[in-house]
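Protein sequence lines correspond, in order, to chains Z and U.
Mapping of the first sequence onto numbering that gives the first Met the number 0: residues 0 to 358, in sequence order.
Mapping of the second sequence onto numbering that gives the first Met the number 0: residues 0 to 299, in sequence order.
In short, the hints are calculated from the structure, not lab data.
Computed from a predicted structure; not experimentally measured.
Just so you know, even glycine gets a beta-carbon here, dropped at the ideal spot from N, CA and C.
You may find that some hints are simply not true.
Said to hold, decoys possible - Chain Z is faced by these chain U residues, among others (derived, beta-carbon under 10 Å):
(1) LEU5
(2) LEU90
(3) ASN231
(4) PHE237
(5) TYR272
One-letter residues, chain by chain:
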Amino acid sequence: MTAKAILIKRLHPIIESVLAGVIGLMIGAVIMLAYGYNPVAAYVSLFQGSFGSFYSWAESLANATPLILTALTFAVAMRGGLFNIGAEGQLYIGALAAVAVSLIHLPSPIHIVMALFAAMLAGMVWSLPVALLKLTRGVHEVISTIMFNWIAYFLALYVIAHVLTDPIRGEKTISIVETSRLARILPGTTLNYGLIIAIIAAVVVLFVLWRTTVGFELRVSGHNPVAARYAGISQRRQILTVLLIGGATAGLAGAVQVMGRPPTYAVLSGLPQLINLGFDGIGVAMIGRNHPIGIIVAAIFFGGLMAGGRIMQFSPGVPLELVRVIEGVIILTLAVPELRNLLGSFWRRFAKKKVHDGS
Amino acid sequence: MEVEHLWGILFISLHAMVPITLAAIGETIEEAAGLFNIGLEGILLLSALTGALGAEMSGSATVGLLAGLSTGALIGGLFGFISTYWRGSQLISGVGINLFAFGFVAFMLINLGAPGFHSVPRDVQVKMISLGVGSLSPLVFVTVGLAIAVYWMLRRTQLGIRIRSVGENPAAADVAGINVNALRLATALAAGAFAGLAGAYLSVDWLGAVTKELTAGRGFIALATVVFSGLNPLLALFGGFVFGFFDGFATWVSTYPKIKDVIPWQFVAMAPYIVTLLVVAGAIGRVRFPAALGVPYRRE
């Protein structure tokens with residue numbers, strides 16, 4: 000293969016993601032038209048709100064932070080051949096663990112590190128039964144992770160109401176203490192050092208997956224389980240590794256979301272600042288083609304949609320939920336691997352017809 | 000405990016059984032043919048919305064149920080297309096359906112002027128059948144009938160044998176002259192229609208409202224029920240009833256202050272999910288699934 004051919008082949012996933020993004024935005028526009036909104040005004044407002052100014056960039060990056068981490072959960076599993084949609088529940092548990100660390104007193108940097116570790120550990124503990132159910136009973140991870148997400152949701156509501164309850168405001172947990180908060184990178188925005196933590200996590204995953212034996216075995220067993228078995232790679236160990244790494248990054252996502260996001264620095268009843276981050280992470284991982292670098296880019300794109308979506312909600316008044324509709328369409332588009340070829344053949348047929356019409 | 004309470008629990012369980020079992024029966028047909036749709040949750044939610052809108056616009060509950068059913072068939076068909084002719088990933092398209100549904104229903108609820116909650120007027124809801132000791136929805140009987148019919152179809156008819164052969168060994172089925180992709184697409188349409196009816200039942204019948212959290216994981220519990228049943232619709236009826244019991248149990252307990260004091264409601268609400276996990280963990284091992292489940296068919 001020539002160097003040019005290799006380059007083009009490497010570009011395919013990127014082309015597919017961009018194409019899916021364009022189709023998603025187009026269908027979003029059709030839905031807006033159908034319900035009487037002005038799609039041009041909406042998208043102008045959306046992109047000004049996401050990438051139009053210094054401030055909006057900061058908000059987009061702040062929104063991207065937890066998405067990078069939950070997307071890593073899904074991507075690592077996908078690379079190992081598992082469909083782990085449990086980041087949602089693991090991030091709730093991670094957030095609560097980070098809050099719990101505020102019960103003890105420690106000097107600042109140590110306190111932050113302790114809280115982050117507690118959150119990672121909690122996320123791993125919450126994903127352990129998923130691994131055990133798969134290894135001992137063969138329970139498919141799609142079913143077990145969804146069930147654990149719901150159990151985590153109600154457990155979190157219980158903990159907020161009865162265990163870590165704020166003595167003054169019963170509808171939230173105690174706030175993270177000053178010594179355990181992540182400082183803001185830019186004053187006046189919600190962008191905090193959680194972003195650096197998320198990027199470090201992405202780099203660590205990148206290194207582990209592509210530069211270590213553990214990562215190599217993991218990718219082989221995900222890509223070709225039969226070949227992995229012949230090579231003597233233990234499938235069982237991969238399942239455990241993948242789910243534990245995923246639990247750790249999802250737990251971190253919960254932690255940065257409470258330790259770095261003003262004004263409450265607490266988990267509120269109904270989990271407004273946590274809910275759906277795990278599911279959005281799945282979308283981010285897919286748009287980023289399950290690659291850490293791709294995930295960072297996709298998370299910024301999606302964080303931007305969320306930040307801009309809030310602006311779009313005020314003017315011209317298109318509901319924020321439209322952003323998730325667009326995300327769903329993007330994923331559906333990405334599910335079709337031959338989309339590029341399909342569009343190509345449509346285009347050729349169309350072009351041929353044009354030639355015939357012209358003659 | 001008084002007798003009326005027992006009847007009450009039985010009726011709540013039967014009503015909670017309907018959406019889970021209906022979705023599970025449909026999914027059984029498509030899993031027998033080799034398709035695995037984790038977008039059931041999204042189909043339930045979307046058709047709950049279209050079912051409610053259909054019923055309100057026409058003033059008829061039947062039209063509402065049909066609207067839900069057709070929405071389900073449409074989305075099921077899209078899933079079928081992606082996973083057969085377009086050889087796409089079944090898991091990924093399932094996730095796409097779910098995300099789209101959550102977003103679209105929340106978007107529509109705001110458009111309807113009721114962020115988060117839309118109630119369906121009583122006079123367009125399905126009329127209950129009075130049985131003396133209480134009243135039951137006609138959909139309970141429809142569900143039981145459909146479970147028996149699908150059981151019979153899969154085990155005793157030529158169509159059933161064809162569907163199962165496509166799930167076991169698509170290449171052999173192809174050689175025998177069965178159009179693998181067309182048959183799989185048809186089962187995906189049917190599965191979508193079943194889930195669509197289940198979704199419309201949630202809004203037009205049982206719960207009488209549309210909310211963002213209306214389905215509460217029931218699509219995934221239906222998937223678990225299929226696993227538990229080992230692709231037997233009659234066992235799906237039983238599984239749906241067990242999950243329905245714990246689902247109804249949570250609602251029932253929440254009306255009893257005495258029990259509420261002993262067990263916090265959050266733990267009662269967890270029960271259906273914990274039971275699902277336990278049942279699925281217990282069921283696997285004795286259950287065998289079609290050999291070609293989840294694999295797109297490509298002619299060699």
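Each hint, compared with the structure:
Evaluation of the LEU5/U hint against chain Z yields a violated restraint, the C-beta minimum of about 27 Å exceeding 10 Å. For LEU90/U, the suggested interface contact is upheld, since its CB lies about 5 Å from the closest CB of chain Z, less than 10 Å. Because the beta carbon of ASN231/U sits about 18 Å from the nearest beta carbon in chain Z, more than 10 Å, this interface hint is broken. Interface hint status for PHE237/U: violated, as the beta-carbon distance to the closest one in chain Z is roughly 18 Å, over 10 Å.
With a cut of 10 Å, the hint placing TYR272/U at the interface with chain Z holds, because the nearest CB-to-CB distance is about 4 Å.
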